[in-house]
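There are 2 protein chains.
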Amino acid sequence: MTTHDVKTVFNEGMSFTAHINGHEIRMDTSTDDGGQDSGPSPKRLMLASLAGCTGIDIVSILNKMKVPFSDLNIIVHAALSNEHPKIYNMVKIRYKIKVAETDKPKMIKAVNLSTEKYCGVFAMFSAFAKMDTEIDYI
Amino acid sequence: MTTHDVKTVFNEGMSFTAHINGHEIRMDTSTDDGGQDSGPSPKRLMLASLAGCTGIDIVSILNKMKVPFSDLNIIVHAALSNEHPKIYNMVKIRYKIKVAETDKPKMIKAVNLSTEKYCGVFAMFSAFAKMDTEIDYI
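Respectively, the protein sequence lines represent chains A and B.
The first sequence begins at 1285 in our numbering and counts up one residue at a time.
The second sequence begins at 1285 in our numbering and counts up one residue at a time.
Hints in this document: simulated from the structure, not taken from any laboratory.
Among the clues, some could well be false.
The list makes no distinction among identical chains, and a pair is therefore deemed to hold if it is satisfied within one copy or across any two copies.
[Said to hold, decoys possible] Calculated cross-link-like contacts (lysine-lysine; reagent style DSS-like; alpha-carbon spacing at most 25 Å):
#1 LYS1393 <-> LYS1370
#2 LYS1376 <-> LYS1388
#3 LYS1291 <-> LYS1370
#4 LYS1350 <-> LYS1376
#5 LYS1414 <-> LYS1348
Please read these numbers as outputs of a predicted model, since none were measured by experiment.
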């Protein structure tokens, strides 16, 4: 069984620092919520996690298929529920990428492999949110 | 309806940078997985998100209840499923904190309010993982 451990230490105000496989990530809340905005809000970090997970899949799969690409970026747009606890209940992932016209079917295949088979974060999000994806070719 | 947007840009290798409410978070994979380990792995970021979310609740609630505390840190221990897509299916949150003996019931109340009412990330995790919490008094 593989396990992951993350230790997160309270700094001051509303700020915490997470220690993740040798890297430090500082989190905080906005000044409106009593913080100092010294790092990203914890909830939004989940959207970065989603983009990073599927993004790494896409790069890995395109590399394996020997598909040249550039200008890859991923925009995650997420709607929050109104009542506490506020969860992301609708999430759209927009993949922006530049590939040759003839490689577009391979990009579609890469997105499908990530969202249906490999990306654990996408699978976890699917348990609580309606998920949608879109590819914008630059 | 409140929405959150996060833009994540591919750098090189397997590395991406997420832009989260004005902050940048670099993610990468280990060298074993073809990356350069230049940032935390995306999946583990979810565990930081969980710790930060419930941690900020705890600080906020203890402050409102005028409970002095110190040495607060949160360890998230998560088990991954064996098959793709690999998800966190068991998660334990250990809250370490120093409070006066007489304030321990208030700390228990703060954890319960966070995990049952306020922490959206905990609620999202509850959709796919068996959740457990523990308080270690220092």
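Notebook entry, point to check: For LYS1376 vs LYS1388, is the C-alpha pair at or below 25 Å within one copy, between two copies, both, or neither?
Noted result: within (20 Å within a copy, 42 Å between copies)
Next item on the list: Tell me, please, which holds for LYS1350 and LYS1376 at an alpha-carbon limit of 25 Å: within, between, both or neither?
Entry: Result: close neither inside a copy nor across copies, 27 Å intra and 41 Å inter.
Next item on the list: If the cutoff is 25 Å on CA atoms, where do LYS1393 and LYS1370 land: within, between, both or neither? Let me know, please.
Entry: Result: close only across copies, 20 Å inter versus 33 Å intra.
Check: Checking LYS1291 and LYS1370: alpha-carbon separation at most 25 Å within a copy, between copies, both or neither?
Finding: both (24 Å within a copy, 21 Å between copies)
Item checked: 25 Å Cα threshold - placement of LYS1348 relative to LYS1414 -> neither (30 Å within a copy, 35 Å between copies)
Violated hints for the displayed structure, listed by number in ascending order: 4 and 5.
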